[in-house]
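Novice: Next come the chains, spelled out residue by residue.
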Amino acid sequence: NAGVTQTPKFQVLKTGQSMTLQCAQDMNHNSMYWYRQDPGMGLRLIYYSASEGTTDKGEVPNGYNVSRLNKREFSLRLESAAPSQTSVYFCASSVVDNQPQHFGDGTRLSIL
Amino acid sequence: QKEVEQNSGPLSVPEGAIASLNCTYSDRGSQSFFWYRQYSGKSPELIMFIYSNGDKEDGRFTAQLNKASQYVSLLIRDSQPSDSATYLCAVKDSGGSNYKLTFGKGTLLTVNP
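Residue numbers (my numbering), protein chains in the order written: chain A, 697 to 808; chain B, 33 to 145.
All the pointers check out, no bait thrown in.
Chain B is faced by these chain A residues, among others (derived, beta-carbon under 8 angstroms):
no.: 1; residue: L739
no.: 2; residue: L741
no.: 3; residue: G754
no.: 4; residue: N794
Hints in this document: simulated from the structure, not taken from any laboratory.
Just so it is clear, the structure is predicted and the values come from calculations on it, not from any experiment.
We treat Cβ as the ideally placed atom computed from N, Cα and C, and that holds for glycine.
Input sequences plus hints: build the corresponding full structure.
Specialist: Here it is as structure tokens:
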């Protein structure tokens, strides 16, 4: 009963490096989301996927790209990491977009 | 910019008391409201959701919604030390971007034994 699984859990990068955060859900949900959470800023939506094959920008998409690989998987890519992208990243999913979202455990990303 | 406002706290209550957490929102057309609990260093966990005006009860938790006043609250009865966490209010946006949840910054609740 895994729910939403994120990998890796922790990562340290150097400025300019690239990496992909992985997210998979086993609840047969249609919608998936990527958020970042920063102290004093709350949770902010980076990208959203209503269903397989579709993606939309959220509140803070600059510097990120996403891929909805299939119904289960939604990845977030940082092409050229910057210190401002140091954050905790959460993936979430929901049955459809007006239903409650369920979160993964998060990825703690530090960029030096 | 749609906003969700919460008192950052900390809200401190004694064990066994009722904790009352409040949230106001700016999007008058919003129809869906959610409360999440987040322990330090952990991910948000869904506690309750409410779509209609009035009260919704689930165990020790009661969500209250007043759309006319643009106000949603969460009551926790018989508070326990294990309820100590940050509580996030989330409101689903109306209009074109109707997939988006706007989160408040959260209220830190401390339940003292």
